Amino acid sequence: MIVTQDLNEKTIAIIDDDTKQSKAIAWEVEDAGYKPFLLDEGHFYNVNELVSLIRNKAEGAVCDHRLSNSGFANFYGAELVAALYDLQFPSLLITQYTEMDTSFSIRKWRDKIPVLLSREEAYASSIAKGIEDCISEFSGRVLSTRKPYRTIVRITNIDEESHEPVLDAFVPSWNPHKAVRFPASLVPEHIRYVLKPNFCLFAHVNIGAGTSDDLYFKNFELAPEPDENDGLA
Amino acid sequence: MKMMDSPELIILDVGHGNCSIIRDINGVIIIDCPTGITLLETLEYLAIKEILYVLISHADADHIAGITTLLLQQNIRIHNVYVNPDASKKTDAWLDFRRALKDAKKRSEVEISKLTTSESGNFHIGSINLEILAPTYEFLLGGAGGTDIKGRRLNSNSVSAVIGIIHDNHKVAVLAGDIDNIGLENLLESISNYPADILVFPHHGGKPGSGDSKTFAKEICSFIQPKLIIFSISRSHFGSPSAEIIEGLRFSVPGAHILCTQLSQQCAANLPSSKPTHLNNLPARGSINNSCCGGTIVIKIDGSTTNYTEMSLHKEFILSQVNSPLCQRFLPEILTRLGEEIVSNPD
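So the protein lines, in turn, are chains A and B.
Here the numbering used here is used: the first residue of the first sequence is 220, the next is one more, and so on.
Here the numbering used here is used: the first residue of the second sequence is 51, the next is one more, and so on.
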């Protein structure tokens with residue numbers, strides 16, 4: 220087990236509406252060399268309110284994704300981690316519903332979630348490494364798996380999930396054989412309204428990601444049709 | 051661009067695929083662009099923002115798919131792209147390439163040309179010349195999916211470009227794309243021999259079309275007589291390079307040093323537990339899971355004294371860390387003993 224050195228004075232907030240789970244994470248946080256601070260009670264209706272509380276009490280955060288089950292918050296942990304990311308506050312997101320959440324409610328903010336751990340991966344060593352990876356990304360040393368490149372995104376299907384439109388697409392430079400789902404809200408409105416299956420977009424995507432759970436999409440543009448006179452038809 | 055003391059040929063570990071960079075103070079040439087980010091990472095690492103020529107040997111995804119993403123990078127300027135226009139014109143990958151080209155042309159002019167022996171001619175950067183050895187224009191007329199003059203069916207590998215690198219009138223290397231037995235036969239009809247120091251072996255050491263692997267390896271190695279043979283492979287792609295290819299090439303060039311970019315599962319069932327010390331700092335696809343054998347390699351180009359400086363360290367790695375190295379399997383006994391002596395007494 221990796222124990223982070225010289226971090227004993229640092230406090231990590233654990234945001235989880237399930238008291239049993241938050242205590243289990245607290246053990247791991249402690250094993251990683253940090254002081255845990257539990258935030259598992261209360262009602263938060265505004266992300267900024269919780270962000271302020273976390274920043275006042277801790278120097279890092281480990282946050283569960285689904286926070287609304289017991290009325291703890293009316294937003295997702297992913298949105299909270301993204302808000303903390305904007306303030307360069309190191310935060311990890313944990314989910315036990317990985318496959319169900321990654322393509323939609325997590326993907327929406329995935330560019331601002333440097334580290335996503337499944338519940339069974341949330342050990343002291345992965346938490347310590349995750350905090351280091353966040354700090355490293357804030358300082359400009361972005362892991363190759365997180366670095367965005369402008370690339371082609373080919374839409375294959377337009378669908379709906381949780382009453383919101385979603386897009387299925389291929390990112391050939393990442394994997395030409397595996398479709399990936401993401402919320403249509405990531406695409407600017409003027410492009411979204413003209414989208415059809417087989418439309419091609421340009422977007423910034425972290426094509427070095429190992430799995431589809433880690434992919435994020437931003438800066439969408441409509442790709443042009445090929446030039447008929449380019450001599451390559 | 052980061053400075054260098056002499057021109058360089060960089061063979062990237064891109065997994066299953068091919069990608070080479072030739073750089074000189076006068077410019078940069080890229081040959082083949084596979085999927086993945088290793089090329090983009092390497093360009094960033096070397097601070098390369100301008101590419102004089104991109105040459106695509108043929109239109110298989112492991113050689114062409116990365117050109118689209120390369121063209122879309124707004125901080126990189128590409129002046130010329132030479133493609134081998136085979137039968138892929140109707141695929142999504144080809145359409146993506148054309149879209150990216152249109153986008154790149156909005157930022158700056160990009161010239162597109164065909165890559166054949168007669169149409170593209172030779173390329174120069176500084177004192178380095180690139181010679182297109184195949185395909186001939188006449189051979190390409192049959193096209194992938196068509197037939198050659200002898201009625202043999204051609205595919206994209208048959209019409210793959212083969213590129214020779216020359217410095218100071220010395221033949222440094224041959225990058226053989228994915229040329230198969232039909233393409234090689236056609237090449238041998240126009241050039242009888244082409245002795246060069248280095249061969250990037252075609253098709254990642256896989257089966258050369260309908261031909262016999264051992265015969266193919268014998269023929270191409272007799273033609274080039276390389277001292278260093280490189281296989282650009284992925285560890286997860288079992289069977290590359292094939293044992294028949296290694297056996298065949300040993301027949302023609304028994305003393306050649308063989309280097310695979312990644313450690314084949316045929317050579318080692320398990321990966322080394324510690325990080326190898328013979329690798330350089332350039333990005334390599336295998337570095338993320340410690341699966342490099344030769345990794346990304348840098349060859350200092352200097353006419354007849356061109357060398358791969360890490361060769362003895364790579365040899366040492368093979369003999370000390372790899373359980374059943376395929377590259378050592380068909381060596382004449384005397385060479386095996388010499389290799390063991392080098393490892394036990396490196397001085």
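Because the hints were derived from the structure by calculation, they are not lab data.
Remember, it's a predicted structure, so these values are computed and weren't measured experimentally.
Yeah, the Cβ is synthetic: ideal placement off N, Cα and C, and Gly gets one too.
Misleading hints may appear alongside valid ones.
Claimed, not checked - Label-pair restraints from in silico Cβ distances: (1) N373(B) <-> W246(A): 36 to 44 Å; (2) H382(A) <-> N125(B): 36 to 44 Å; (3) D305(A) <-> S158(B): 33 to 41 Å; (4) S272(B) <-> P395(A): 32 to 40 Å; (5) S355(A) <-> N243(B): 24 to 32 Å; (6) E249(A) <-> F380(B): 54 to 62 Å; (7) D446(A) <-> F301(B): 44 to 52 Å; (8) S358(A) <-> H129(B): 33 to 41 Å; (9) N339(B) <-> D305(A): 29 to 37 Å; (10) L362(A) <-> S324(B): 34 to 42 Å; (11) T375(A) <-> D218(B): 48 to 56 Å.
To be verified - Dumping the calculated BS3-like pairs for lysine-lysine here, alpha-carbon to alpha-carbon at most 30 Å: (12) K366(A) <-> K164(B); (13) K350(B) <-> K437(A); (14) K366(A) <-> K99(B); (15) K397(A) <-> K350(B); (16) K437(A) <-> K156(B); (17) K268(B) <-> K200(B); (18) K257(B) <-> K415(A); (19) K264(B) <-> K277(B); (20) K366(A) <-> K242(A); (21) K99(B) <-> K437(A); (22) K366(A) <-> K156(B); (23) K366(A) <-> K365(B); (24) K350(B) <-> K365(B); (25) K99(B) <-> K257(B); (26) K268(B) <-> K152(B); (27) K365(B) <-> K268(B); (28) K277(B) <-> K257(B); (29) K331(A) <-> K437(A); (30) K242(A) <-> K348(A); (31) K257(B) <-> K164(B); (32) K99(B) <-> K415(A); (33) K366(A) <-> K264(B); (34) K331(A) <-> K348(A); (35) K331(A) <-> K99(B); (36) K415(A) <-> K397(A); (37) K156(B) <-> K415(A); (38) K437(A) <-> K164(B); (39) K325(B) <-> K268(B); (40) K397(A) <-> K152(B).
A quick look at each hint next to the structure:
1. N373(B) <-> W246(A): 36 to 44 Å: The hint (36 to 44 Å, Cβ to Cβ) holds, given that N373(B) and W246(A) are roughly 41 Å apart.
2. H382(A) <-> N125(B): 36 to 44 Å: With Cβ atoms ~40 Å apart, the hint holds.
3. D305(A) <-> S158(B): 33 to 41 Å: holds (34 Å)
4. S272(B) <-> P395(A): 32 to 40 Å: Holds - the Cβ-Cβ distance for S272(B) and P395(A), about 37 Å, lies within 32 to 40 Å.
5. S355(A) <-> N243(B): 24 to 32 Å: With Cβ atoms ~53 Å apart, the hint is violated.
6. E249(A) <-> F380(B): 54 to 62 Å: holds (57 Å)
7. D446(A) <-> F301(B): 44 to 52 Å: Roughly 50 Å apart at Cβ, these two residues keep to the hinted range, so it holds.
8. S358(A) <-> H129(B): 33 to 41 Å: holds (35 Å)
9. N339(B) <-> D305(A): 29 to 37 Å: Holds, since N339(B) and D305(A) (Cβ atoms, about 33 Å apart) stay within the stated range.
10. L362(A) <-> S324(B): 34 to 42 Å: Once the Cβ atoms are compared, 22 Å apart, the range 34 to 42 Å for S324(B) and L362(A) is violated.
11. T375(A) <-> D218(B): 48 to 56 Å: At 52 Å between Cβs, range holds.
12. K366(A) <-> K164(B): violated (33 Å)
13. K350(B) <-> K437(A): violated (40 Å)
14. K366(A) <-> K99(B): holds (18 Å)
15. K397(A) <-> K350(B): violated (39 Å)
16. K437(A) <-> K156(B): Holds - the C-alpha atoms of K156(B) and K437(A) are around 21 Å apart, at most 30 Å.
17. K268(B) <-> K200(B): holds (23 Å)
18. K257(B) <-> K415(A): At roughly 41 Å apart (the allowed maximum being 30 Å), K415(A) and K257(B) break the hint.
19. K264(B) <-> K277(B): Measuring from Cα to Cα gives roughly 18 Å; hence the hint holds.
20. K366(A) <-> K242(A): violated (34 Å)
21. K99(B) <-> K437(A): holds (23 Å)
22. K366(A) <-> K156(B): Holds, at roughly 25 Å.
23. K366(A) <-> K365(B): Judged against 30 Å, a Cα distance of about 34 Å means the pair is violated.
24. K350(B) <-> K365(B): holds (18 Å)
25. K99(B) <-> K257(B): Roughly 37 Å between the alpha carbons, so the hint for K99(B) and K257(B) is violated.
26. K268(B) <-> K152(B): Not satisfied, since the Cα-Cα distance of roughly 44 Å exceeds 30 Å.
27. K365(B) <-> K268(B): holds (23 Å)
28. K277(B) <-> K257(B): holds (22 Å)
29. K331(A) <-> K437(A): holds (11 Å)
30. K242(A) <-> K348(A): Holds, at roughly 20 Å.
31. K257(B) <-> K164(B): holds (27 Å)
32. K99(B) <-> K415(A): violated (35 Å)
33. K366(A) <-> K264(B): Violated, at roughly 43 Å.
34. K331(A) <-> K348(A): The hint holds at about 17 Å.
35. K331(A) <-> K99(B): holds (28 Å)
36. K415(A) <-> K397(A): holds (19 Å)
37. K156(B) <-> K415(A): holds (25 Å)
38. K437(A) <-> K164(B): Roughly 35 Å between the alpha carbons, so the hint for K437(A) and K164(B) is violated.
39. K325(B) <-> K268(B): Distance ~35 Å between K325(B) and K268(B) Cα, so the pair is violated.
40. K397(A) <-> K152(B): Roughly 26 Å between the alpha carbons, so the hint for K397(A) and K152(B) holds.
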